[in-house]
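Trainee: What follows is each chain in one-letter form.
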Amino acid sequence: MSARPATTRSTILSLTVSGLTPVLLLVAVFVTFRGHNAPGGGFAGGLIVGIVLVLRYLTDGTDAVRRLPVDPIVVIGCGLLLALATGAVPLLFGASFLESAIWKLDLPLVGPVKVVSSALFDLGVFVLVTGVVAAILVALAEADDEARRGEVGAADAEGDDR
Amino acid sequence: MTGGLALFVAAPLAGTALCFVAARSRTLQRSVALVVAVGVTVASIALLVHVDTVGPVTTSMGGWPDAISITFVADRLGALMLVIGNVMMLAVLVYAIGQGSRDEQSPWYAPAYLALIAGVSGAFLAGDLFNLFVCFEILLMASYVLLTLEGSDDQIRSGTTYVVLNVVESLVLVTGVALVFATTGTLSMAELPERLAALPDGVALGLSLLLLVAFGLKAAVFPLFSWLPDSYPAAPSPVSAVFAGLLTKVGVYAILRTQTQWFPDSNRTLLLVVAAATMVVGVVGAIAQADVKRILSFHIVSQIGYMIAGIALGGVAAVAAVVFYVVHHIPVKTSLFLVDGIVEQDEGTSALDRLSGLARRSGLLAVLFLVPALSLAGLPPFSGFIGKLGVVTVGLDQGEWWIVAVALVVSILTLVSMMKIWTGAFWGAAPDTDRDGVLRHHPLMAAVTWFVVALTLAVALFAGPIYGFAERTAADLEPVAATPSGGGAP
Numbered sequence: 001m002s003a004r005p006a007t008t009r010s011t012i013l014s015l016t017v018s019g020l021t022p023v024l025l026l027v028a029v030f031v032t033f034r035g036h037n038a039p040g041g042g043f044a045g046g047l048i049v050g051i052v053l054v055l056r057y058l059t060d061g062t063d064a065v066r067r068l069p070v071d072p073i074v075v076i077g078c079g080l081l082l083a084l085a086t087g088a089v090p091l092l093f094g095a096s097f098l099e100s101a102i103w104k105l106d107l108p109l110v111g112p113v114k115v116v117s118s119a120l121f122d123l124g125v126f127v128l129v130t131g132v133v134a135a136i137l138v139a140l141a142e143a144d145d146e147a148r149r150g151e152v153g154a155a156d157a158e159g160d161d162r
Numbered sequence: 163m164t165g166g167l168a169l170f171v172a173a174p175l176a177g178t179a180l181c182f183v184a185a186r187s188r189t190l191q192r193s194v195a196l197v198v199a200v201g202v203t204v205a206s207i208a209l210l211v212h213v214d215t216v217g218p219v220t221t222s223m224g225g226w227p228d229a230i231s232i233t234f235v236a237d238r239l240g241a242l243m244l245v246i247g248n249v250m251m252l253a254v255l256v257y258a259i260g261q262g263s264r265d266e267q268s269p270w271y272a273p274a275y276l277a278l279i280a281g282v283s284g285a286f287l288a289g290d291l292f293n294l295f296v297c298f299e300i301l302l303m304a305s306y307v308l309l310t311l312e313g314s315d316d317q318i319r320s321g322t323t324y325v326v327l328n329v330v331e332s333l334v335l336v337t338g339v340a341l342v343f344a345t346t347g348t349l350s351m352a353e354l355p356e357r358l359a360a361l362p363d364g365v366a367l368g369l370s371l372l373l374l375v376a377f378g379l380k381a382a383v384f385p386l387f388s389w390l391p392d393s394y395p396a397a398p399s400p401v402s403a404v405f406a407g408l409l410t411k412v413g414v415y416a417i418l419r420t421q422t423q424w425f426p427d428s429n430r431t432l433l434l435v436v437a438a439a440t441m442v443v444g445v446v447g448a449i450a451q452a453d454v455k456r457i458l459s460f461h462i463v464s465q466i467g468y469m470i471a472g473i474a475l476g477g478v479a480a481v482a483a484v485v486f487y488v489v490h491h492i493p494v495k496t497s498l499f500l501v502d503g504i505v506e507q508d509e510g511t512s513a514l515d516r517l518s519g520l521a522r523r524s525g526l527l528a529v530l531f532l533v534p535a536l537s538l539a540g541l542p543p544f545s546g547f548i549g550k551l552g553v554v555t556v557g558l559d560q561g562e563w564w565i566v567a568v569a570l571v572v573s574i575l576t577l578v579s580m581m582k583i584w585t586g587a588f589w590g591a592a593p594d595t596d597r598d599g600v601l602r603h604h605p606l607m608a609a610v611t612w613f614v615v616a617l618t619l620a621v622a623l624f625a626g627p628i629y630g631f632a633e634r635t636a637a638d639l640e641p642v643a644a645t646p647s648g649g650g651a652p
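Chains as they are written, first to last, in the numbering used here: chain A, 1 to 162; chain B, 163 to 652.
It should be emphasised that the hints constitute simulated quantities derived from the structure, not laboratory data. As the structure is a prediction and not an experimental result, all values here were calculated from the model. There are no misleading hints in this set.
Only part of the chain B face toward chain A is listed, based on derived beta-carbon distances under 10 Å:
1. LEU167
2. ALA168
3. LEU169
4. ALA172
5. ALA176
6. ALA184
7. TRP226
8. SER231
9. PRO273
Over the 12 Å line for every Cβ pair with chain A, so calculated as not near, a few chain B residues:
10. THR337
11. LEU341
12. SER350
13. ASP363
14. SER428
15. ILE449
16. GLN507
17. ASP508
18. PHE547
19. TYR629
20. ARG634
Don't be surprised by glycine CBs; every beta carbon is placed ideally from N, CA and C.
Model the full structure from these sequences, guided by the hints.
Mentor: Rendered as structure tokens:
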């Protein structure tokens, strides 16, 4: 992994990514919830958030992912927990594992909306996938930083090889 | 009990999630893993008793109609494998906690291990082919993590081979799943035997070969085995112990289900040849190695050959022999790797030329090695003898004398290579080191190894009841196979 000097950062890329971020996040949410009956879903949505993180990594360097407010591994756990809980809750009502409840609501201004409990499952997948991409990026960032440190103290790296 | 069988997969996965959330605390992760592993083990034993006395259990998930629902089925075979799998994974979990190796300290270890439990359990309970595929994927994902967690050069190299080959295997399997669905219109394991029997011979043969390649790669049978002796020794001992004991046997389980229930009486000659080649190549490879872990890894391949031979022979007696063989083999193989783990923990190596005189330093450890080693070779008082006797008897009954001859010769060669470990590592004078006395290892490691070795002895001691159960299991699988062949014997 080659270390990227700070001087090569591009202002244009940086500004573009800043502008794209909210749009991409919106698309991610849209894709996640449209996934119930159409192509999309939590996995695709999570990957789109992952793209945002990758773009941030490209513009801001390793800091972008090393300064995340929560540990990605915890995010993965929360996502998995949410998905499983969605599967397990129906058991309490005597339904089968993963069975989905469907509510048809008539919201003011919006009109008829079909709400399904399996959307929460998708949300869990969404959170999980986001966490996985973040965890991968953190691992890459650590390797990146280590390589940079390795250039300074080569003796350290040799010790690791043994 | 509407949740029923789903919990055998959901509970370990929930444990995975909790371990992720508790990533900061190793103690918390270990507690969650232990609680879940103990829970599913106890539940699976209860399930086995229930299945044996009352009958198969089925759970459908998602509230969809039968043809497309997610189904878990526990029949005798599935429940039996579930119990052995869970007991072994619990034992190795305790062993790994005792060892506390570098990879066990990683926050990813406990979640991956629990996901492995979920995948293995799911594979044994899957009631349809697609579910089986999904559970294979779960266990493969977990195995990728466990195999490469330390991140040493050797692990990354062999891990790459392992991942690539298994991705190819998944591709073949998912193609097989799609083709089965396209030709029969169902993936339910209960409906498939009938639908597949109605297919033209050529189509059925193609499907059976496709599935055989996919599962054969997982089980490491003859031309598809080379990844195994390469990747397993690179993993830390507890991980290779659980992989060695269980993962290839998931492949054997899948072959047993598909070949006996779905494609009875096809591929007999092919399977026999593959079985013989697997036995011979495995054992010859083992003799050529000079490292305990690599010798043991080649023996996994060789032993798979016996199981495939039993599956190829077919009929109630043969399937019963295979079921017993699997029951005997899993604890034996696991315990050998656990002993190697203790040796490696103390000596820092498992290379035979750097080990010597271990028996002098720890007589008990020598016994712990010798019992499963002799059992693996198939010497009379031990469980391996009964397993091999079963396969050999069926072979003689069916007039396949040559597979019997191969099996017996391979047994002797197995003994030869086990004695190679014995003379290389355990016998002889202790090396001139300042580390005299007993081997340094955590008491939990020894306790678990004792437990698993005791289990192998129990399999020999209670061979009668276990064989009886194996015969009932085989009879369960048979009715479908019996319709075209009328009894199994040719």
